[in-house]
Every structure is written in structure tokens, then in C-alpha cells.
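If you read the protein sequences in the order shown, they are chains A and B. Remember, our numbering sits 34 above the position in the first sequence when you count from 1. Remember, our numbering sits 6 above the position in the second sequence when you count from 1.
There is no bait here: all hints are sound.
Computed list of lysine-lysine pairs in DSS-like fashion (alpha-carbon distance at most 25 Å, straight line):
#, chain 1, residue 1, chain 2, residue 2
1, A, Lys175, B, Lys20
2, A, Lys167, B, Lys20
3, A, Lys172, B, Lys20
4, A, Lys175, A, Lys238
FYI, nobody ran anything at the bench for these hints, they're computed from the structure.
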Amino acid sequence: MTTNHTAIHIENLTRDFGKVRALDGLSLDVPAGIIFGFLGPNGAGKTTTLNLLLGLLEPTAGHAVVLGFDTRTQADEVRARTGALLEHSGIYEQLSAEDNLEFYGRVYRLPPAERRARIQELLTHMGLWERRKDSAGKWSKGMKQKLALARALLHRPALIFLDEPTAGLDVQAAVAVRDDLASLAAREGVTVFLTTHNMTEAEKLCGRVGVIRQGRLVALGNPDELRARAGGPHVEVVGRGFTAEVLAQLRAQPVVAAAEMKNEHLTIDLHTETDTAPLVGLLVGAGVQVAEVRRGKASLEEVFLTLMEEEK
Amino acid sequence: MIADILTVMWKEWKEFLTRRGRTRGTILTLLVLLAPFSIFFPLQMGRDWVESPVAIGFALWMPLFLVPGVVADSFAGERERHTLETLLASRLSDRAILFGKTGAAVIYGWGLTLAATLLALITVNISSRGGELLLYPPAIGLGIAVSSLLTAWLAAGIGVLVSLRASSVRQAQQSMSIAMMLLLFVPVFGVQALPDEWRAHVAAILTAVNVTMAVLGAAVLVVMLDVGLLAGAMMRFRRARLILG
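Assemble the whole structure, with the sequences as input and the hints as a guide.
Set out below in C-alpha cells:
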């Protein structure tokens, strides 16, 4: 069951399409009030999960509870309390931006005055208010995605589902949509279930991440926990005079997990985040000419690739 | 529920009125239909147009030409333009979506037919120049209103069923055209194809039957067909099927 602190509870959720198992025993909880990233390559089962959570598809086995409602038996309740930006923006291109929001405002039964105020508030926040009378078909893809995001948030849902909201957008438009999403999610305190295969997006937005591959959940945690799984923090040292003795001295340090040369660079893997000054001092004392020191940690992209490799 | 149906109808109407490239086609269709129905035949028939049941026949026939073009777009169009998934993911119930789309098409066909009937009345009044105001007798007026409503509903019911199944608007329109042709021509050619003996028997039944009872019987039959089509559409309307289709 979901609690006040759990927006989504999924247990052993499975969905077959004929002989193909699109989702295979998925179990996870999404806490309320966070942006949850559901990562996976194309065809991993992200969209199927989303359709199951919205009650648009019935599971073959298992169950899901969204905002306290069973998606199989109370799908109408789920859809009444959530917003969605699915694979396609779902914008009526012949209608103006304002009419698109007006329609969904009526669908969610916002009173007329509140509807008008909310439409103005969201379109103004996204910088679209001046062009509200334009037919949406004349807008760029980025603007349409922003409009679709406004539509998903219009009725102040407790939870919104976003299916790859920046897919197919140019860099500038993707950044704009991401910024709007981050600021609106924070301002409205809405829980966001975001599917994406864009690691940068997940890294920037998500407080918790699930990674899915071939319908199975392969990792779950916050980005730092996943990074730790793929490798801890590391330091890269550029310079000259790295000898076998120096490397041996480094490896003997308790904070060092590994130290090896890669293309004239020394990479030191650390067990934990630690002050690197003593290590640099050790190198300089041993006669190494240090030109540059860079601290780093595995990106979510590296984590993702590691997970995909592990699963193979 | 009623509010939700009206919301869907509002959207359908907005979309229909703002659809690009539609205006010219709509005007052309209306002219082709209105010219004979509202001008040519009323001018030819004069007072008889108002006083005989011929206007009911036209009102029965007109929605079958008006509704298919609108209703074919209802689900197939949303699917083609990728707006259906979002609509299905909203809080609207299956019935609100279905009845809203059907209702929008019915009101379009019925409303235009009534407007054309009114235009025909104006034509007769202008051309007859008798000084007195000619109006449809109540029975004829009621016949026009009821028969056009029932056939608009019939065409919308067929159209929604077709549109639910079709993968594109073009496919839906083609299927609708075939359905309407069958609806119009099968009874005519069917009777022609009957052996002489059978045809005489049918004619004897038709002449013997009370006209009012025959009209009422036909109306009941069409109502049953309308209800059956709507029930079929409700059974056919499955979100999972529409999402995956």
C-alpha cells in the first residue's frame, strides 16, 4: 500500500504482449515529492510501465498502487489525480494554446475563474502567455512540450507522469523544458515519475533513479548510490615522473582503492570522498612534477553503461 | 457525466471549426446539399413543399451525407494526430468520451438539417408571394425534427464504430462511404432484385398498412438500430485496445 510518503508502490508488476514479456516482475516504491527517474534503453519497458501505472493497460501479474489507488480496479481515481505528458505531446494543433489548456481545465473541472488564472499563471511562467492565441501547430516542438507540461500540471495533480519529455528537442529547447520542469516541480511540490534514456537529464533532475533493462529492474537508488555501485570517487593527476615506486607508495595508502597509469595520466580510485592534499603532497615529495589535479566521480552515464554491461 | 460530455463536444466543435483546409470543403459540401434541398426543390414545389411530407424524406436523407465526414475523424483522427493517448490518460470516463464525440456529430448533422429545412421554408415563402406566412404543419415539422435526429444518430453510431477500428482518417472515411452507400442503395436495389411475385406481395403490405403506424414502426426500428450501434461502440471502446491499436 502507498502511505503519505509513498506516491507509487509497485509489486511484481508483469506485462506480456503475446509471447513477449515487456515487463518482468517490477517492484519498487516512489516516495512522494521527488522527481523519480526511470531510466532504460529504448524498448526496455518504460512506456509499458507508465501505461500500467495510469491504468491504461492491465498487468498480466502483480499490481501497482498509485496515490493509494489500485491501478487495476481504481484506474479512474488514478487518472483523476495525476497528470501526464506521454510519448507524444498530445497537443491539439488546430486549437490555440489557450484552448488546449481550456479544454483540459474543463476536463478536470476547474471553476472558470480559477481555470483562467491558472492558465495565465502557467503560460506566463513558461514565457508563452503572449502567444496564447496562436494555434499550437505553428509552435516549435520545444514550445509544444512546454505547453504539454503546463497541461499536465494544470489541475495541480499530486503526481505527474512524463515520458521522455525532452526527446527529439534541440539542446536549447531541452534545457528550457528541463528548467521549467525543475522549477515547477519544486514550486508545486508535485511528485514526478520521469522516464528517460537521457542520463544528463536524470542526473540534473532526479532525486532517485531506477534503471530498467529488458523489462527488469537492474538498479534502484539515489544517483550517488548508483555511482558508488559503478565505482567510487577518483582523482586524476597529470604530470611527469610517475615511477613504479611512487605507485606502490600510493597503493599502500588506506584511502586508495587503486592507482594506475592511463595515457600519461595517473588515476587514483578512492574508497571514499577524502581530502586529496596528502596524496598530492606524497607525489610531490616523491619527485613527481604535478601539472594538474582533477577530482571526479562516475557520471550517471558511466553507471548506466556499467549496469548494462553487468546485465549482459 | 453530462458536463464531461459537453466538454468533449466543446472540444470537437472547436477542432472542427478551426481545422485547416476544412472551411472550403465544408462550404462546398453545404452548397451541394443546400442548393437542391433548400432552394431548387422548394422553388419547384412551392406550397406543396411545406404541406406534403416530401420535406421529411429530404430531412431523413441529408444527415447521411453530413455526418460521415465529421464522425470519421472522431477516434481515427485523434489516433492519427497522436492526441488520443493523452485524452485516454485523462479523468474522462469511457462514456463521456464516446457520447461526447457521438453527440458532436449528431448535433452537427441534425442542426444543419434543421437549418436547411428553415432555409427551404424561407425560399417557399419568398417565391410564393401569397401574402400569408407559410409554415410546416406540426406533424410535418415534428417528422422533420425526429427523422433527421434519428438518421443523424444512425450515421454517427456507424461512424464512431468505424472510427474506433480504423487506423487512419482516410480508412475511416472510405469505410463510412461504403456503409452509407449500402444504407442508401441496398433497400432500393434489394427491392428491384426481388422476384415479381415477392415485390407484389411487399407492395400489397405497404399499401395496406396504416401510414402513421408505418412511420412509427420505422422510427422504432431506427431507434433500436441507434441504441444497438451505441451499445456496440461502448463494448468496442477499450482503453487498452485503443492505446495499443
